[in-house]
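K.L.:
Residue strings, one per chain:
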Amino acid sequence: MWRDAMVIAGRDLRIERRSRVVTNQVLPFALLVIVLFAFALDPDRGVLDRAAAGLFWLAVLFSALLAIQRSFAIEATDEARDGLRLSGLDPAGIFLGKALAVAAQLVVLEVVLTAGIAVLYGSELRGPLLLAATALLATIGLAAAGTIYGVLAAGLRVRETLLPLLVLPVVAPVLLASTRAWEAGLQGVPGEGWSWLRILGVFAVTYVAVGIAAFGTLLEDA
Amino acid sequence: MWRDAMVIAGRDLRIERRSRVVTNQVLPFALLVIVLFAFALDPDRGVLDRAAAGLFWLAVLFSALLAIQRSFAIEATDEARDGLRLSGLDPAGIFLGKALAVAAQLVVLEVVLTAGIAVLYGSELRGPLLLAATALLATIGLAAAGTIYGVLAAGLRVRETLLPLLVLPVVAPVLLASTRAWEAGLQGVPGEGWSWLRILGVFAVTYVAVGIAAFGTLLEDA
Amino acid sequence: MTSTASRGTRVIGALALVGLVVTVVMGLTLPLTEEQLEYSRLIAIHPAIAWCAYLAFFVTALGSALYLWKSTRAPLWDHVAVASAEVGVVFTALTLVTGSIWGRPTWGVWWVWDARLTTTALMFVLYLGYLAVRRVPAAPDVRATRAAVVGLLAAVVVPINHYTVEWWRTLHQGESLAPGTLDGRFKVAMLVGFLAMTLAYAWLLVHRMRVERLEERLESEGLDLAIAERQAEAVAP
Amino acid sequence: MGPAIRLRSAVALAGRFPVLAGADLTVARGEVALVHGANGAGKTSLLRVCAGLLPITDGDAEVLGHDLRADRRAVRRSVALLGHATFLYEDLTVAEQAAFAARAFHRPKAAADAALARLGLERRVDVQVARLSAGQRRRVALACLVARDAELWLLDEPHAGLDAANRDVVDELIRERAASGGTVVLASHELDRARAVAGHSFAIAGGRVQEDARVA
Amino acid sequence: MGPAIRLRSAVALAGRFPVLAGADLTVARGEVALVHGANGAGKTSLLRVCAGLLPITDGDAEVLGHDLRADRRAVRRSVALLGHATFLYEDLTVAEQAAFAARAFHRPKAAADAALARLGLERRVDVQVARLSAGQRRRVALACLVARDAELWLLDEPHAGLDAANRDVVDELIRERAASGGTVVLASHELDRARAVAGHSFAIAGGRVQEDARVA
Ligand code: HEM
Ligand SMILES: Nc1ncnc2c1ncn2[C@@H]1O[C@H](COP(=O)(O)OP(=O)(O)OP(=O)(O)O)[C@@H](O)[C@H]1O
Ligand SMILES: Nc1ncnc2c1ncn2[C@@H]1O[C@H](COP(=O)(O)OP(=O)(O)OP(=O)(O)O)[C@@H](O)[C@H]1O
Ligand SMILES: [Mg+2]
Ligand SMILES: [Mg+2]
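Chains as they are written, first to last, in the working numbering: chain A, 726 to 947; chain B, 726 to 947; chain C, 149 to 385; chain D, 8 to 223; chain E, 8 to 223.
Calculated from the structure, these hints are not laboratory results. One or more of the hints may lead you astray.
[Said to hold, decoys possible] Only some residues are given here: those of chain A computed to face chain C with a beta carbon under 10 Å:
1. L738
2. V895
3. P898
4. S920
5. L922
[What the hints assert, rightly or not] For the chain E half of the interface with chain A, some residues (derived, Cβ under 7 Å), not all of them:
6. F24
7. L60
8. R84
9. A92
10. V132
We treat Cβ as the ideally placed atom computed from N, Cα and C, and that holds for glycine.
Only chain A is shown next, with the shape it has when bound in the complex:
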């Protein structure tokens, strides 16, 4: 399983290194989103500094969607699913591999975005430890959930539209928890933040577990 995961992750990351889609397209998009938020919420009323955490995670969420779509766009063609089935790789391995690759890209994304809000929204990163821990757990949850639905939508001609509808609501709790945790972190009152971490942990574990368990079925029978 782990070997197969590595094979897949390696391939996906190599493709990314060559095509640079995430770095050249998703990343700017993410930055764009936080700028747009700033626009839409007309900052002069001092909403931003308070909403920073929420907006940050919304931006991450939307970019994560793109990253996942990309991750299954490289699975090529309408027969993507047949391809994976015949690849001879262990489904659980495929799941872990793709989720891993997505997660890796998301981490990069989040680092840049963090710098982004620090500059644009003038948020100060108090409690960095909490922030980092939150980001890590949230990323795992996002990547796992996204990959599960990614393969479900892969090869459907409606995947561009179906994926967001499926992914957003299930990761909403993640969004929520990480937002609260980050608010705590940004305001330097980590205390309450840590309790949210537990929830994030639960999600991460659940989604990864479900993925490992259900990916085979999804790939085969769905």
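For this one, chain A is given, so just place chains B, C, D and E with the ligands on it according to the hints.
P.N.:
Same frame as chain A, but now just chains B, C, D and E with the ligands:
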């Protein structure tokens, strides 16, 4: 040109009527977005009533992205571009047709979303005339701009990721103007709203004109 | 089988009906609370409806799980899942409506961005997504598997929704069944409401399932014909 | 009236790679020309140039009197291409797809139905294109091409994927087309069959047209 | 040791449509079997069933001793399918693609390189798959299939799109495979060529296998 536009629009809407992608997938997505925004913004601090207009238009924007992706997803296969070139249809007609179909779907979307914010954000729709006019012009602008970039990204394997990056920045001004106009409309001080309307009109006209003029070149040489 | 009714369901239906009537009567005869006047009487139905929505989605998750589990996989579980999901969506909508109606006098607005309310709205969209997946054209078993996974994952929102009142300082009511929080007659009314709504849910569920089964039967009857036609292509290509 | 196609040391690029490296080709009107050669020789590229899809960066190209260097688009209305990829709308039914293709070229719906019948697709008219078998898709694409009457047909491996009966149909269609004054260029790997319908045959290798042998 | 493939009145559905309507087929191990028939007859569907991609809803199917009704996945490791669609990663280079395919089946990179050489792709190893010509893509897909040594080959129109030289290569590969005890089932419309390599040939029509004639 107009005849060709009708041929295309008719076909796209027929496909939509059959697959119901916009009504079953994009619409719930849009609702989802406004709920998520509200939550990410930690509402009990009374941000929403002020941000309602902005969030509404952000939601419209993101759903518009999906609608446009769908509109070019039905253009089939990696050779979509060749297909359109060989279709024998006037490029300007193709542009108008696809933009028209997208616009029609967006209007439906906006109506529902308006009801949404009215209930969820408790916004009162004072100055409905202004709101409607704004929505109309903004929709034209969005659909036109989106279609222009849609054909650019069509057939590229990176279209899912490229399109948002291309579309968001150019429609940002639309977002801004319509937000301001709606704020005026929602707060019942249409006066300043109308000035923004002029800007929207300019954008709409510009994008449509550019589309009609440049679509051929885009289709051919891009 | 031409009707989806049967003695069993008629009994359930009747009981549900009686229960609902009783609930309404009791609700309307509840004492007026000074701060809410007659609105407090919504307590007889609103929590019950919400609870049925939970129940429905739990059943959906259960059906999905049993369908995914290789050794128990059977179309029946898929029917359970989809039927319950559809009923659940309706109940969720009703929760939102009754809640809003109650919220207007209580909070002065139809809607507040309270955690409980938001998660409920989220729950609503989640299962709209579930139904959207089911509408994507595919072979029955394929559709079933897809939906099952979605239905299973979607269920996480239910417990979240339930605990929001504890995790966040919400405007919304907390556990009102906890001892000493509520006047006895309100509790009784709530309990009767729970009972009646649950019966109503069961009734709807069974009927919806039978409709699903009839559809499937129709398909399988069509199949033999389809096979015959397909084989006929050989002689007249 | 000049030849249907005249290429003079035409060079065409895919990215930086010269898919055509100085190709010379002349096809007279009303002729059926076969283009053959190894995989990657440049057949598809050649056809795409003639269809005005692929720009030439050097040399001259003239198709049906249109100078492609000056304007690639003008020629399209009178040229029909059957590529490796069938440009079909997966969400439409066979009937709708054909009707759409016909309408786009101001042809009556009857033409579309006739074409579908000609390619033996009556029993599938209401099936979504996405559900068709490989060969059926090719046939729908062919039907769309037949439905509009283009002066010049460019067929990239028209026989590939078709069953025996329909291969004969394709041959007939080609012959009829030529008989009624149209020009046909086909690229193919099935030489025996292709040579049987083609008047001329050209070998392509390394992006250039090699010999130009009249077929007995 | 039983036959490589045994189907008993197998029924398979695409949506509600029975693509296989009671197909019976027996292919002994070490045999080369040809499956032919009109477009839409059910050849591809048959191969997909044998590859464990398409579930059967009625009848029995046993491939290499695996009962497909019980478990479709187990058989995959020992079956290789060349479909109409080539399951390639457009963003990888030819070399990377082949290496990936080999690795997935725990085969050394050398096997991949050998396969590429065998199909004459040395001069394109560093080109992105997306840029290849139609025939070259098919060849890469074939190379990936050769790189792993599967017990059963399922080839859907293996000759389609290939040039003369490579058609012969394919024939050789098939013969070698059979000689070394492997089983090959190919679907094809080019009967003369296919019959030349096939020991048995089966006609398919209307989702059923019609006759079972030994070829002289
Ligand atoms: C749109 C607005 C509302 C929504 C979406 C909503 C939703 C819900 C939900 C989902 C539950 C089930 C709680 C659980 O058992 O986990 C519930 C229960 C309840 N709701 Fe509401 N509600 C709304 C408004 C209100 C209002 C305005 C009141 C009264 C002031 C109210 C009073 C109650 C009570 C007393 C319960 C039972 C509490 C318990 O026993 O847990 N709700 N509501
Ligand atoms: N970027 C590139 N680098 C290297 N070679 C390239 C590149 N882009 C295209 N090619 C080559 O250009 C050629 C394209 O030729 P074309 O598709 O016309 O071949 P063809 O004659 O149609 O072959 P087939 O018979 O397989 O269809 C191929 O050999 C392909 O490898
Ligand atoms: N939903 C549907 N409605 C009607 N017919 C369908 C449907 N789905 C699939 N089919 C038919 O099922 C058949 C699929 O057969 P298959 O792809 O195996 O054909 P094939 O023998 O491989 O043909 P080819 O030689 O063209 O590859 C086609 O005739 C197709 O039209
Ligand atoms: Mg070619
Ligand atoms: Mg086939």
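K.L.:
All hints are to be evaluated individually against the structure, with a verdict given for each.
P.N.:
So, going through the hints one by one against the coordinates:
1. L738: Hint on A/L738: violated, closest Cβ of chain C at ~26 Å, above 10 Å.
2. V895: holds, 5 Å
3. P898: With Cβ-Cβ at 6 Å, under 10 Å, it holds.
4. S920: holds, 8 Å
5. L922: violated, 13 Å
6. F24: violated, 18 Å
7. L60: holds, 6 Å
8. R84: This interface hint holds because 6 Å falls under the 7 Å limit.
9. A92: holds, 4 Å
10. V132: Violated, because the Cβ-Cβ distance from E/V132 to chain A comes to roughly 15 Å (cut-off 7 Å).
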